[in-house]
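**Student:** Take each chain as given, in its own frame, and dock them per the hints.
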Amino acid sequence: MRGGTNPGESKQARYNQLYAKGRKASALAAGVAAPQFTLKTTPDQAVSLSDFSGQRVVLAFYPADWSPACGDQMTLYNEILPEFQKLGAELLGLSVDGVWCHAAFARDRKLHFPLLSDFEPKGAVARTYGVYRDGDGVTERALFVIDGEGIIRWSYVSPIGVNPGAAGILSALEGLQEKEKQVAA
Amino acid sequence: MKRDIFSITEPERLAVPVTRRDHTQGPADATLTLLEYGDFECPVCGMAYPVIKTLQHNLRHRLRFVFRHFPLTNVHPHAEHAAEAAEAAGARGAFWKMHDLLFENQDDLEDEDLLEYAAALGLDTAVMLAEIEAGAYARRIREDFMSGVRSGVNGTPTFFINGMRYDGSFDVDSLLAGLEEASELET
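Heads up: the protein sequence lines correspond to chains L and A, in order.
Numbering-wise (our numbering), the first sequence opens with residue 1 and increments by one.
Numbering-wise (our numbering), the second sequence opens with residue 1 and increments by one.
The following block holds chain A by itself, in its conformation from the complex (with noise of 0.2 Å):
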C-alpha cells in the first residue's frame, strides 16, 4: 500500500459503475455516460443544470446523462431534504421531474417549498413529508455521497464522462469537447 509521496494526482476513474439503481435520462446503450455528482443547493451545480440541458437538446440519442446526490450538508442547510425529495418523487417515477423544480428554484427550498413542487406534480405531500422526516431516503443519499468520495469526488459539482473524471470547465463548449474526446475515443 505503500504510495509515491510525490504522486501527481492521477485522473479519477468513477469507483462505483453505473447500474439500474442510478437515476438516468437518455439511452442505456448511449456512446456517451455524463455524470454528475451533484447538490441542489450549491450554486455551480445551479449554473451547470442549464447547461446539461443544452448537451441532452444537442447530443440526444447519443447523450445518457446519470446524477448522483453530493449534499454538502454542513455548508448547504437545505440540500439533504431537497435531494430526499427528489428520492421521494423518484420512487413515485417523477425523480427528474424534481430534479429539475429544485434546480430551478434553488433560492427556495424550505420544506415547505418542496412540498409545493411535489404538489405540483402531482404527489401526496403528506407521504413526502413523513418520509423526509424520517430520512427515509438518507441512507441511499449517503451511499451516492461515498461513491463520490471513493471516486476522489473533492466538491460539487464533479463530472465523468465514460467512466473518467473531466476537470475542465463547466460551459457547453468546454463539456462538448470533453464528451466529443470521448467519443473518438470509443470509436
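In isolation and in its complexed conformation, chain L is listed as follows (with noise of 0.2 Å):
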C-alpha cells in the first residue's frame, strides 16, 4: 500500500530526516572504479561484476524484498528491463537477503533479472560501495550505473522509505550513450 496517514510535506521531513543520518555514509561518486565483486544469485549460480565486462550495469541496490508490490521499486524495474536493455544496460538487484528469500520474491514477482545476496559476510559487497546501514543491517536504497570499462558514471542514494523511480536511471544511460557517440564521431 502507498501513502501514509501523514500529508506528504511531513512524510517528506521526515524521511529527511531518516535520510540527513544516513549523509555520513560516503556512497562512491561518479568517476571511480566499481569495485568488485561474486555474490549468489542462488543457491548454486553467482554472478560476478566482471561477468559484464564491456556492457553498462545498472547496480541498484534495497533495503528488503516484499515491499507491497503496487509501489515496489524491483516491480517497476522488471517492467522497465527493456528500455534498459535498449540502451546496452544490464540491471542487478541487490539487498543483504538471502538466496532462498530471493528465489521466493523473484517467483512472486515474476521477475527477469538476477537479485543478487548481500548476505555472508552481511552487507560486505554494499560497504565497498559505501552504502550499508550500521545498526539497521541493510543497504541504502542506491543506484549506481557503471560503465563498459567498470567506472562509475551515476550514482544517487534515495531516502530509504523513498522508491526513486527509474528517470534518474534513464537519464544516466542516455547521458552515457550520448557521450559516447560524441567521443565515437
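Be aware that one or more of the hints could be misleading.
Covered by chain A, per the in silico footprint, the following chain L stretches (three or more residues, Cβ under 8 Å) [stated by the list, open to error]:
1) 41-49
2) 59-71
3) 84-98
4) 107-117
5) 151-165
Hints were generated in silico from the structure; no laboratory data involved.
This structure is a prediction, so every number in the text was calculated from the model and none was measured.
Built from N, CA and C at the ideal position, the CB exists for glycine as well.
**Tutor:** Next up, the structure:
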C-alpha cells in the first residue's frame, strides 16, 4: 500500500531527517572504479561484476525483498527492463536477503533479472560501495550506473523509504550513450 | 549531467503534458487538473476510484480528471488486457464507461469478463477480442507507461495535480486539501 496517514510534506520531512543520518555514509560517486564482487543469485549460481565487462550495468541496492507490489522498486524495474536493455544495460538488484528469500520473491513478482544476495559476510559488497546502514543491518536504497569499462558514471542514494523510480537511471544511461557517440564521432 | 549524490528527491513534474491524446473528464479549461497513473488490477487504484468520483462530484466544473495507463503486468496478469479493453472502448467513445466498469469489477478481469462488459456497453465483442489479442493498443499503453516513468512514477496509483506530483494519501480529505492548495496557487 502506498500513501501513509501523514500529509506529504511531513512525510518528506521525516524521510529527510532519517536520510540526514545516512549522509555520513559515503556512497561512491561518479568517476570511481566500481568495486568488483561475486555474489550468489541462487543456491548454486553466482554472478560477478566482471561477467558484464563491456556492458553497462545498473546496480540497484534496496533494503529488503517483499515491499508491497504496487509501489515496489524491483517490480517497477522489471517492467522497464526492455528500455534498460535498449540502452545497453543489464540490471542487477542487490540486498542482504538470502538466496531462498530472493528466489521466493523473484518467483512471486515474476522478476526477469537477477537478485544478488549480499548475505555472507553480511553487507560486505554494500560496504565497498559505501551504502551499508550500520545499526539497521540493511543497505541504502542506492543506484549505480556502471559503464563498460567498470567505471561508476552516475550514482544516487534515495531516502530509504522512497522508491526513486527510474527516470534518473534512464537519463544517466542516455547521457552515457550520448557521450560515447560524441567520442566516436 | 553530474548529479549531487545526496540530493533529496525533488518534487516531480509531469514530463508529458496533457493533450488531446489523453482521456479526460471535465472542462479543458478547468482550474484544476488531477491526473492519475493507474492500473485496473491494482487494489489501491481500486480504492482510489470512488474517492475520485467524490472529488468530481464536489468540485464539478472546477476539476478535470485525466487517466493514463501504468499496468504492472508481471504482478497483475490481467492489467494489460484490461487497459486494452479500455482503449478499445475509447476508440468507440466509451473509454470512461469501460474505465468505471473495470474498477467496479476488479476481481473479474478475465478476457470473457472484458467481453461481457463490452457487450453491456453495446460494443462489438468479436472486434474487441480481435483487437485485444492483436495488442492493437499495446503501443499507446506503453507510451502512457513510459511517460509515467519519465515523470518519476514509482508505483500505482500516482497522482499529479496541475502537473506537480501529489505525495499525500488517497482519501477524499487529503486529496481535496491538495487540490485546494493548488487552486490557491492558481489564483
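**Student:** For every hint, state whether the structure bears it out.
**Tutor:** A quick look at each hint next to the structure:
1. 41-49: Violated: only 0 residues of the segment 41-49 of chain L have a Cβ under 8 Å from chain A.
2. 59-71: n = 3 at 8 Å, threshold three: holds.
3. 84-98: violated (count 0)
4. 107-117: Since 4 is at least three, the answer is holds.
5. 151-165: holds (count 10)
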